[in-house]
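**Q** Letter by letter, the chains look like this.
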Amino acid sequence: VEVISVLGNLLDPSLIIVLFVGTIIGIVIGALPGFTPTMGVALIVPFTFTMTPVEGLTLLGAIYGGSVYGGSIAAILLNIPGAPASFATILDGYPMAKKGEALKALYIALVASVIGGFISCIALLLFSPPMAELALRFGPAETFWVSVFGLTVIASLGTTKELVKGLLGGTLGLLIGTIGISPTTGTPRFTFGLPDLTGGVNLVAALIGLFAFSQALVYFEQLKDGVLMALEKVKGILWKSIKIVFRHSGLTFFSGVLGTIIGIIPGAGGQVAAIISYDQAKRYSKNKEKFGTGISEGIIAPESANNATMGGALIPLLTLGIPGSPTAAVLLGGLLIHGLWPGPDLFTVNADVTYTFMVALLAAQIVMLVCGALGIPLFAKVLKTPQYYLAPIILVLCVFGTFAIRNFTFDVYVMVVCGIIGYLALKAGIHPATIVLGIILCPYLERGLQRGLLLGEAEGSSIGYFFTSTISWVMIALILFSITATIVMEIRKSRKEKREQQTSVQRENIPFRQYIGSKESIIAIFFLLFGLFVYIFYASRLEQEAGLLPGSVLIIMVVLAVIQWFLARKYPITPMPGLPWKLLIEVCIVTILFIIVGQFVLGYYLASVLFLIYLPIRLHRSLNLSLSPRRVGVISLVSILFILILYISFSLLLNVPVPGGILF
Amino acid sequence: MILTFLFLTVLTACSGSDDAAQQTNTGNPSGSGDFPNQPIQMIVSYSAGAATDTQARILAQYAVDVFGQPVVIVNMEGAGGSVGWNHFSKVDPNGYTIAAYNLPHVLSKPLVENTEYTPETFIPLANWGYDPVVFGVLPNSPYQTIDDLIEAAKSNPEKITIGNAGLYVGQHLAILMLEEEAGIKFQNIPFDGAADAQAALLGGTIDVQAGNLSDMYRLVDQVRILAVAAEERHKYLPDVPTFMERGYNVVMSTDRGVAAVDGTPPEVVERLTDGFLEIMNREDFQADMEQAGADLLIMGGEELQQEFEQRAKMIKDLLTRMGHVK
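From first to last, the protein sequence lines are chains X and A. Last residue of the first sequence? That's 664 in our numbering, and every number before it is there in order. Last residue of the second sequence? That's 1326 in our numbering, and every number before it is there in order.
Some hints here could point you the wrong way.
[To be verified] Some, not all, of what chain X presents toward chain A, calculated at C-beta under 10 Å:
| no. | residue |
| --- | --- |
| 1 | Pro129 |
| 2 | Met131 |
| 3 | Gly200 |
| 4 | Ala329 |
| 5 | Leu332 |
| 6 | Pro344 |
| 7 | Phe408 |
Everything labelled a hint here was simulated from the structure, so no lab data went into it. Here a beta-carbon is modelled for each residue, glycine too, at the ideal position from N, C-alpha and C.
Just chain X, with the same shape it has in the complex (with noise of 0.2 Å):
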């Protein structure tokens, strides 16, 4: 009844200019690769607060959808997830892309992200009260084992060669993910006594680390003059896409459930939506080979599940004031600063505001439609920046980004290292998915153990804890149903290899002097030695609650590096890939010096400046390019005024203090 009552509200022009410009804003942001949804939020809360409340919070509710969607542009245009919540579009979107197919998977991508949202507004609208009620079902023990289940979702992202790195890499995510101080004993872990350690590894900054500045340098990696890839015509495609998205319509509502469901429970955000969605697809699908090779269902799926996860983490939100998501955490002060606590009042005192803030939420699914179809052929475009301008400016934008996450010049360095690593990940064939993977599930994981382990010794039986909850049984049956059924497929498929290879070549173990120096075997060796030491001089000191996990962690690491060393024993030797190493290692050590160089002496902006003229200089030399005087006065003008255009954008409209140096 409140919801026609307020229909009419939507009519005020104010709030449709609001909503178009929060949904641009929110599109421009999540494409941006190094600037997530709730750091827009973050940064729009403030301007909120002179706005009327039906504005300020539909503002940031048009941001919050707009950015979740807009991640997916910058993921299937350069492989780099532009929101946390697009990591898994990348897996489909690129390769799509890559086919020349970039406007169909933008048109699919934003189609799917429509109505996933479109779902999950209905849900907010009609069913909050009692859908928040499952927020409250989800203690440690649910936490932890839809944590563990997260981690089963590894065997997605790869073939069976990688399965086996790909589940390292999850070890190497979680032990990352424990850096810090414990949080049920206080106990620092792996923080080597540097304070900024103490509050463990900020997830945002580790994600713009493995994922763009890793394709960054995979950029310099393939360096060429041109563009990245060609694009088809923009003609027809919208209708083309639109009727693949309600071809899949099953997968669509599914996914759109699902996201949903995934954003109530607290914490877990569109993340952990868009992966578990992903899996889910390539689970039942038809053709789960094809996954991975840039086929719709597997953009629709992670798509359509992430921006549902927007009105599924508002529920518990606006019901009981708890976040589903780390930005409704966010959006909370743009409810409290107009003297709106969540709860019921929300839904009786103030049921005028609340759903006219709901319906607005709806209508800003259609103008992220509208915004979306008119944007992409523009978005596009970006594809024909010269390569040796692209990676440059990624790399600025992940350390104007991460430095903006809050304000603090050790997650840049935090974010150098973690691209480097996901880098090395890369080329050691691991996904840097998993690691992130690890990352994001391992505080919910460590969190549910512990608190689980703590509540059920009260009750007697620590372990028993985990196995009382209807939610935790469908749980682990669906973790039993998981890995029975990659291991199940993994057999079946190298029974059919065997069968076909047979005829062909005999496959032997290679002899282990030539195997010792191979790709594979360095991995294992890493691994296993890293695992040992860590575990040895490390892990086993520390006390027995905080050293729990990470103690498990690294004991499987070295487990699965012995398991690596045995089967790929059985693959053939991959020669080294010759890669340009210098010119990467020029490249991270020329960043490393613009980062303290601007931290300390010239400031960002100045330092910025002087990087983008650099860099494109120094690769025009790599690329045997001509050099005309001209050629840099362009160079030299692009790059002022991009920096200028950051200057505007953070110093005088959004307040970052970003580093001056001593010159400012």
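Following the hints, complete the assembly by docking chain A onto the known chain X.
**A** Chain A alone, transformed into the frame defined by chain X:
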């Protein structure tokens, strides 16, 4: 390029004529006679949208009237506030970078964690917020009164689960104080923030929650508040007893305020203190805070300094006696 131009235009359009002055790292202010002659940064150790941030922003909105310069909020969240306060401990002591503080965190964390800041890092300027710790249970809980709870804890040591917002924040310290006073032991479950702990209480995961009055009070009939850790009963909860009334000396609150860094010249400290107190005594400021759900306790200067020292000593003694300080 097009992307960023779009970004820029949109931002300009939406923010109107926001001319918040540019600010860089603190420059060199000339003397303190004309203080402040440039914008002041206020470090908030929590994310935008958190309660501390929202209240600090209300304060900052009034600052330009009083100081003639804007106060700009800089969010540096992480490690339960330590990221922001660690950074704060290293800023130039010229009054152009100040911080929002939370008591008792800034006093307790340095005792148990390897923080760069110490209680002495903070020169308290003015205090605005006050939120006493309360103990609450679900309406269907067997514990009708705080005495029921304490009796039950006596006969079942380490069997009653109690949640708090994190290690060594106000709620946790209140639990430790009650354990010591009553000679009992709870099974203490630390959560990440008050909202997290509240979800656990409402979901029936924990038996009791030590929470902030402001949060628990708003749940109306979804929780039963057993006792307030204040010296006197609270105006919102006239029927709920204090721990003191029941014979347990448990007084603990989460307080919010603003501080300068150690080493700031006394005249600058004085100017800031006077300015912030002037804001806090304004009726419109207090009305705004009330709306945002902040219970006010306005204090400054010598009085606040004494409060800081007293609480620092009390917490240090408590944690030492309970064996938490190594």
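**Q** Each hint should be assessed against the structure and marked as holding or not.
**A** For each hint, the structure was consulted:
no.	hint	in the structure
1	Pro129	violated, 12 Å
2	Met131	violated, 14 Å
3	Gly200	holds, 7 Å
4	Ala329	holds, 6 Å
5	Leu332	holds, 5 Å
6	Pro344	holds, 7 Å
7	Phe408	holds, 6 Å
Comparing the model with each numbered hint stated earlier shows that hints 1 and 2 do not hold.
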